[in-house]
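K.L.:
Residue strings, one per chain:
Number of protein chains: 2
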Amino acid sequence: MSRWPSNPRGRLEQAAMDLFIEQGYDQTTVAEIAERAGLTERTFFRHFSDKREVLFQGGELLQAAMVEALAAAPPDATPLSAIHEALAAVAGIFDERHDRARLRQGIIDAHPELQEREGAKMAKIATALAEGLRARGVTDPDARLAADAGIAVFRSAFAKWVRSETGDMSGTMEGCFVALEKLVEAGR
Amino acid sequence: MSRWPSNPRGRLEQAAMDLFIEQGYDQTTVAEIAERAGLTERTFFRHFSDKREVLFQGGELLQAAMVEALAAAPPDATPLSAIHEALAAVAGIFDERHDRARLRQGIIDAHPELQEREGAKMAKIATALAEGLRARGVTDPDARLAADAGIAVFRSAFAKWVRSETGDMSGTMEGCFVALEKLVEAGR
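Quick note, the sequences are listed as chains D and Y, same order.
Per this note's numbering, the first sequence runs over residues 25 to 212.
Per this note's numbering, the second sequence runs over residues 25 to 212.
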């Protein structure tokens, strides 16, 4: 049982992902997830509002890590450089979870309503980054635009990374920032 | 009654918006919308799945207009120029509906679940534009990235335009494309 995380939240996530893979997302109930984790349904609902939320629990941590890194960027960083730093700072978190992310993506690709939830999550992160830029003294429309452009790079890098064999989020993201520069330059 | 559109769909939209403004979005029922439009609830549900959809009916038309304009962009246009042309082509639609858009935005701002729906709508448009770029021979990640960067500009321009007094979507969007170029240039 050494593969099981010791905290209930981690156990529940592990159990849910195992079951989603073994028998399918649609077929898996909260009761089964709790049973597999050796916990009660009551405990499940203390940590997650439903089974869908197990797939999206990382969103808030990711957002918090990005916002913190954005606040820590050098004061003289331009809006897009500050966003670039914030995204680069979290890239490492992804590589640790490449296999898990691939499995999760397979589930999301098969469920349009989960894609909608994923889109909403990214929109929320973009809003938080725009707010973080405003706190650095950047005004709109630049704050909104730099945050959205950063999320465009992030989404594009994530889509490439999650389908890659190796999983090098830092390198993939740097490549996508260069791609954005080239697109904008060529589009003038 | 000359202010009423002659088609049922238009009448229902007019009635719904009037009621949302007069008595609030939450307080308005489908029965009241149908009554105000002089139509039956049955007719309402032939056109909209619920009252929320009245606010989002423009999304599909907008997406179709953008995708069509994207396909019509010159074959040698760069990915971001082609997106730029597609967005510029639909700007005129917005100015005709500035007052209505402001009222609609007020309702959306007050309802987080509608903001989520709006975010999902924009994500769907971005996906359609990326697909349109692939049809033009652009490969990923450029197709995805140019579409998302275009939507970032669009969202930023829309946010500025909808809160403006005059309503000049073309000019606002051109300004935001220039702002993106400057952000990217300064971020190098």
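Treat the hints as calculated values from the structure; they're not laboratory data.
Any given hint might turn out to be false.
It does not matter which identical chain is used: a pair holds within one copy or between any two.
Stated by the list, open to error - Calculated lysine-lysine pairs in the DSS-like style (CA-CA distance at most 25 Å, straight line): (1) K206 / K75; (2) K184 / K145; (3) K184 / K148; (4) K206 / K145.
All values derive from a computational prediction rather than experimental measurement.
K.L.:
State the violated hints by number, sorted upward, taking the hints as numbered earlier in the document.
P.N.:
Violated hints (numbers, rising): 1 and 4; every other hint is consistent with the structure.
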